[in-house]
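Student: Take these sequences, add in the hints, and give me the full structure.
Number of protein chains: 2
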Amino acid sequence: MIRRGLRAAARLGHHGALPGGPYILPRFSLASAFGSSMDSLVSRFCQEKTDLKNYALPNASWCPDMLNLYHEFLEKTKADGWIRLPSFKSNRNHIQGLKFPLVLTVSSDKSDCHIFTRCIKTEGQGYEYVIFFHPSKKKSVCLFQPGPYLEGPRGFAHGGSLAAMIDETFSKTAYLAGDGLFTLNLNTRFKNLIRMGSLAVLNVGVEKVEDQKLYISCVAQSTDQQTVYAKASGTFLQLQLEEDSSQY
Amino acid sequence: MIRRGLRAAARLGHHGALPGGPYILPRFSLASAFGSSMDSLVSRFCQEKTDLKNYALPNASWCPDMLNLYHEFLEKTKADGWIRLPSFKSNRNHIQGLKFPLVLTVSSDKSDCHIFTRCIKTEGQGYEYVIFFHPSKKKSVCLFQPGPYLEGPRGFAHGGSLAAMIDETFSKTAYLAGDGLFTLNLNTRFKNLIRMGSLAVLNVGVEKVEDQKLYISCVAQSTDQQTVYAKASGTFLQLQLEEDSSQY
Chain X
1 MIRRGLRAAA RLGHHGALPG GPYILPRFSL ASAFGSSMDS LVSRFCQEKT DLKNYALPNA
61 SWCPDMLNLY HEFLEKTKAD GWIRLPSFKS NRNHIQGLKF PLVLTVSSDK SDCHIFTRCI
121 KTEGQGYEYV IFFHPSKKKS VCLFQPGPYL EGPRGFAHGG SLAAMIDETF SKTAYLAGDG
181 LFTLNLNTRF KNLIRMGSLA VLNVGVEKVE DQKLYISCVA QSTDQQTVYA KASGTFLQLQ
241 LEEDSSQY
Chain C
1 MIRRGLRAAA RLGHHGALPG GPYILPRFSL ASAFGSSMDS LVSRFCQEKT DLKNYALPNA
61 SWCPDMLNLY HEFLEKTKAD GWIRLPSFKS NRNHIQGLKF PLVLTVSSDK SDCHIFTRCI
121 KTEGQGYEYV IFFHPSKKKS VCLFQPGPYL EGPRGFAHGG SLAAMIDETF SKTAYLAGDG
181 LFTLNLNTRF KNLIRMGSLA VLNVGVEKVE DQKLYISCVA QSTDQQTVYA KASGTFLQLQ
241 LEEDSSQY
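First to last, the protein sequences are chains X and C.
Numbering follows the UniProt record's numbering, with no gaps: position 239 of the first sequence is 239.
Numbering follows the UniProt record's numbering, with no gaps: position 21 of the second sequence is 21.
Put simply, identical chains are the same to the list, so a pair is met inside one copy or across any two.
Quick list of in silico lysine-lysine cross-link-like pairs, BS3-like style, CA-CA up to 27 Å: (1) K208 x K76; (2) K78 x K53; (3) K89 x K121; (4) K53 x K121; (5) K139 x K78.
By construction, these hints were calculated from the structure, which means they are not laboratory data.
Tutor: Right, here's the structure in full:
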């Protein structure tokens, strides 16, 4: 497994990252060939934070379809093994206590950073979404309601806003299902436009894990499953983050 | 050409859009098989608007690399055939006087809509970008500086924010180069992360036009061209919009 991982690393080094770039995706290390336990990933990610706002909770802008499906999945968290993922302002809030590779550390990060999909503060204007994750099935469902600040064609969501929502759901799924940390590829085939303020349901699943890569797929569709908005596939690079002992 | 267009339409109807969906991408019409002249598309798109804010102008948040390259391309607009594209709050400002197909009209659009890539109002916080377009070469260059509200990994731009920026540059290029109006496919291969606040240069070109589809490619790289951030390809559906006589 380690040797296969190293071969994959060499391929990435050859095809992917140009020499000399200061922000190159990290090469595989031996450490990254061992996966974290899913339980530890999930429990760290979902830990109770009383001081941080969780943006994945219902608000007055959510349409009835979104509220109904939210409560349906909330019921499934009680018996069917689904987990409602919290959503904080920044990814750094989700992975506190873990260390990034040196090549990815930033010298100064004093600015007020927001994860892209929580960049618009006013409720209902931008991204409204909540992700439910099923650890043993390695599946996620994202309920996504695009607001008027995500416009593309008049009255409809921008294709890029949907691609970004898919990427974000992929990335959370890839991380929790197996240390998937970086998007290597994202391919989205658009089928129908999403009307602003309506609900799109993103059904996401890990298809396979091979050569330290996770292969993930998505079907985004309407609540009644009669309209497919997009189909997508993505590949994520696994990288296990180490505990940051300097924080203790 | 028309017959080939209709065959493509049938394929799209078969593979793409499910029956019954209320917001299905429009089928091809005979009208859409005739292209608009590029001159008329460009002149309508770029018309002087004294009452609308143009977001594609330099501001205090632009980094030196972005400012330098902006002025370099500005020089090229005087002699080399490049055009600086204005960027208004909504796509509807760019295509005023044109009529959308009935299936894409919205009954109520009173909300304060923003094109997704101009969704964050504070300068430097979100998307800073300007697109230059070369009509005869069918190429575009987008200067893109991601701000701290586009974060993905700590200190770096979210992959979805880059995918959306590529989609937006593709869509403007596809529209002006030949009535390309809807993204059918967007495939992005990520190579390196973009550090927040630094410049990514998106080099975009139309590869071919076939069966009423435009095939477009992109290489996103650093100013010194030493680091490739992403390579992408996209397919756009051509659809010629008719003049909206009701507005006169």
